[in-house]
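Asker: Sequence:
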Amino acid sequence: MCSLFKPAGIPAYDLEEVVLRIEEMEAIRLKDLVGLDQEACAERMGVSRPTFQRILVEARRKVAEVLIEGKALRIEGGAYHLDPEHLQCPRCQYSLIEKGSVKCPKCEQVLGHYEDNGL
Numbered sequence: 854m855c856s857l858f859k860p861a862g863i864p865a866y867d868l869e870e871v872v873l874r875i876e877e878m879e880a881i882r883l884k885d886l887v888g889l890d891q892e893a894c895a896e897r898m899g900v901s902r903p904t905f906q907r908i909l910v911e912a913r914r915k916v917a918e919v920l921i922e923g924k925a926l927r928i929e930g931g932a933y934h935l936d937p938e939h940l941q942c943p944r945c946q947y948s949l950i951e952k953g954s955v956k957c958p959k960c961e962q963v964l965g966h967y968e969d970n971g972l
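For the sequence shown, the working numbering assigns the number 972 to the last residue and increments by one with no breaks.
Treat the hints as calculated values from the structure; they're not laboratory data.
All of these numbers come straight from a predicted model, not from anything done at the bench.
Possibly wrong hints are sitting among the right ones.
[As the list claims (entries may be wrong)] Straight-line C-alpha distance at most 30 Å; calculated DSS-like pairs for lysine-lysine:
(1) K859 <-> K924
(2) K915 <-> K859
(3) K859 <-> K959
Produce the entire structure from the sequences given, and follow the hints as far as they go.
Answerer: Structure below.
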């Protein structure tokens, strides 16, 4: 997983950045890539269905802003905890087994930081 996407040919320092939080990226992954319905997505993320909907709408708005306005998209931060039963590395699909891992033990992909805030 990359942490920064940007238009080709423009240095990152010349671009305005939009930050996509980890939970927003996960919402897009579950709904748009994996194809789960919203109820299943909300369950996987440990949030209510209305909360999942709000996260997804904001994530999609940010992606649209980046694509339409030619901004950079930085993926970082957010409030989440890692569930070892459902977590896979987005790069190599390795199933992580340690709660709180910040790097994939197989491919060394940085997964973000761990916050246990009860989400």
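Asker: Please go over all the hints and tell whether each is borne out by the structure.
Answerer: Against the structure, the hints come out as follows:
no.	hint	in the structure
1	K859 <-> K924	holds (7 Å)
2	K915 <-> K859	holds (13 Å)
3	K859 <-> K959	holds (27 Å)
Violated hints: none; the structure is consistent with every hint.
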